[in-house]
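A.B. asks: Below are the chains, spelled out letter by letter.
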Amino acid sequence: MNRVLTTLLVALAALCLPGLAAAQSDTVKVGAVLSVTGPASFLGEPEKNTVQMMVDQVNAAGGLLGKKLEVVILDDETDVNKAVLGAQRLIRMDKVVAVMGPTTSGNTLAIMQNVAAAEVPLVSFSAAEKIVNPVNPWIFKNPQSDRHAVARILEHAKGRGYKKIAILTVSDGYGQAGREVLKELVPAGGFELIADEVYGPKDTDMTAQLTKIKAAAPDAIVCWGTNPGPAVVAKNRVQLGMATPLYMSHGVASKKFIELAGEAAEGVMLPAGKLIVASQLPDSDPQKKVLLDYTKQYTEKFNQPVSTFGGHGWDGVMLLAKAVQMGNSAEPKDIRDNLEKIKDFVGIGGVFSFSPTDHNGLDATAFVMIEVAGADWKIMTK
Amino acid sequence: MFAAAAQYLVSGLTVGATYGLTGLGFTMIFNTTGIINFAQGEFVMLGGMMSVFFRTWLGIDLFSAILLAVAVTALVGAAMERLTIRPIQGSSPINLVIATIGVSILIRGAAMLLWGKDTFSLPPFGKAAPIAIFGAAVQPQSLWALAITLALLTALKLFFTASIHGKAMLACACNRKAASLMGISVARMSLFSFALSAFTGAVGGAILAPITMTSYDVGMMLGLKGFAACILGGLGNPFGAAVGGLLIGIMESFGAGYVSSAYKDAFAFVVLLLLLFVRPSGLFGKAGVERV
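Protein sequences, first through last, are from chains A and B.
According to the numbering used here, the residues represented by the first sequence are 1 to 382, in order.
According to the numbering used here, the residues represented by the second sequence are 383 to 674, in order.
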């Protein structure tokens, strides 16, 4: 009986401890809701690893305002309900001063009203434009937007003198968001949109769509999707003997694409965050050092290649740390105000400059145009 | 214009061969046991995924990897019959069908845990450039797929009509009791049909992996389309299943080319539904066949 009582008391004490710590306030406590498991785990896991690694680094460098930075990471299992519950727990029980994540756009959209209502700033790691447009004072996001990627592609196409553009998009959320932006920006950029084809996420043959596009004779094709569809498109294009230049989205900017498409990937062009080509950047690029340092630290610590997604974790922690230092305060309201004032912050996703009307802080320069050459990525100069 | 039509036809035939091969597997089990095996698509997935993994893990050549993958998948088929179908043998067909759905979920989950959620590719069988036929580009691998489908179909036809084992399997489907009274081991034939259909599915998965690529979840859609192919061709007719598969492939391809690529999947299913209103037994099915 005695033992049971002791156990209960210890458990109770353990439960109270976080509360006590918060009351004494000798730490700056932030929270993160990430999809560490579930379908989006390939995004959430590097994010979690990076967030933890960066928090440790901040503490090793003396912490924030003389206090330790503490992070509570919750796994939403790529489930909307768990994300909502997680965000509530962070705000009510852990009393965090800022929330990072969630990993997926759907989860971010589901929790953002609650977080904003609690007057806690949220730095999302998901890409959807709806998160920051229209601007909610409490909501920020650090991944680049589709709009920036499309702008970068069209800028490149204009430089090459292309006029007629065909688009081929996947019929899932990612592809259709891209399709909307393409349908808006292609005509607005002075191009002619001559074909608008769609394929299913599980389709294994796109020759029918490409044959139709071939008949329309475009100057370039823009394909919007994530693996494996774009690899099939690249293969089918070679198979049909089409020499039309092919642009892909940043959704295939991983080695997996080259592996799947094989030789058919050669010459495919796409906009990508600078992380995957960091070593090729000119020394004058402000991001080069940050990117190389992160790559080195991450690969040494986790023995895995870096990914753009992990980069969102880096940006999230460092932007919050910067905002706390700028305002010399860890109050949620002050963090929010100072996040908005951050200018020319060199991160992994790009160089961030926020404003009251721009809560993404990035523009098209966050992307570089790269092409596949010799089964590797290569920055294009022209 | 003509070149485009030829290209749609070639694309349709290639994709259709996938559906046809999956459909063949459905037919074989249906013919022997009278049930629809919804884990058929998973056999196709296993054929492709195991070829990829035997090749990279064991470092063996493509041909041996495929042989090994096909053999292992046939064993999986046999094990499935022994462990899940045999113990509930006496139940109504609907219970057996539901058991196969359970097995398909189990296999898919196991494949996901074992090999992850990525997509994998297999190199083509020969290193040849696409061949131009009537202005359409044909991948040599498509010809391989069509040729192997045709060869399998012929072999199965011979097996069911000319060999004593094949006839015994057909007899089990017609009347289990009568077959067993004639000295046919119904249990063994049922086991054999699962192994054989797993074998067919795995061959399909392996020859198509270079064209379509493969991942742990390709079985679901393939199973659905393969089932549609069976229904279109007339359930129980191996020839009908193969032709049904090719037809669905061609309809999808022409639909995507001439109507809209957004409604590609819907197109084939709408045609299937319309056909079933007119001819409920399918294109080559015998009218009034007993159904489950």
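Treat the hints with care, as some may be off.
To give a feel for the contact side, a few chain B residues facing chain A, derived at Cβ under 8 angstroms [stated by the list, open to error]:
1. Asp443
2. Pro469
3. Gln471
4. Gly472
5. Pro522
6. Leu532
7. Thr543
8. Ser545
9. Lys549
10. Met603
11. Ala638
None of these hints come from the bench; they were simulated from the model.
Cβ coordinates follow ideal geometry from the N, Cα and C atoms, glycine included.
A.B. asks: Against this structure, judge whether each hint is valid.
C.D. replies: Results of checking the hints against the structure:
1. Interface restraint check for Asp443 of chain B: the shortest CB-CB distance to chain A comes to about 18 angstroms, outside 8 angstroms, so the restraint is violated.
2. A cut of 8 angstroms between beta carbons decides the hint on Pro469 of chain B: the least distance to chain A is about 33 angstroms, and the hint is violated.
3. Annotation: Gln471 of chain B was flagged as interfacial toward chain A, and the flag is violated, the nearest CB pair being 35 angstroms apart, outside 8 angstroms.
4. For the restraint placing Gly472 of chain B at the interface with chain A, the shortest Cβ-Cβ distance is roughly 37 angstroms, beyond the 8 angstroms limit, so the hint is violated.
5. The interface hint given for Pro522 of chain B is broken, as the beta carbon of that residue sits about 10 angstroms from the closest beta carbon of chain A, more than 8 angstroms.
6. Among the interface hints, the one on Leu532 of chain B is violated; its C-beta lies about 19 angstroms from the nearest C-beta in chain A, farther than the 8 angstroms criterion.
7. With a least beta-carbon distance of about 33 angstroms to chain A, the hint placing Thr543 of chain B at the interface is violated under the 8 angstroms criterion.
8. The interface hint given for Ser545 of chain B is broken, as the beta carbon of that residue sits about 34 angstroms from the closest beta carbon of chain A, more than 8 angstroms.
9. Checking Lys549 of chain B against chain A by beta carbon gives a least distance of about 37 angstroms; that is not within 8 angstroms, so the hint is violated.
10. Evaluation of the Met603 of chain B hint against chain A yields a held restraint, the C-beta minimum of about 5 angstroms falling below 8 angstroms.
11. Evaluation of the Ala638 of chain B hint against chain A yields a held restraint, the C-beta minimum of about 4 angstroms falling below 8 angstroms.
Violated hints, in rising order: 1, 2, 3, 4, 5, 6, 7, 8, 9; the structure is consistent with all others.
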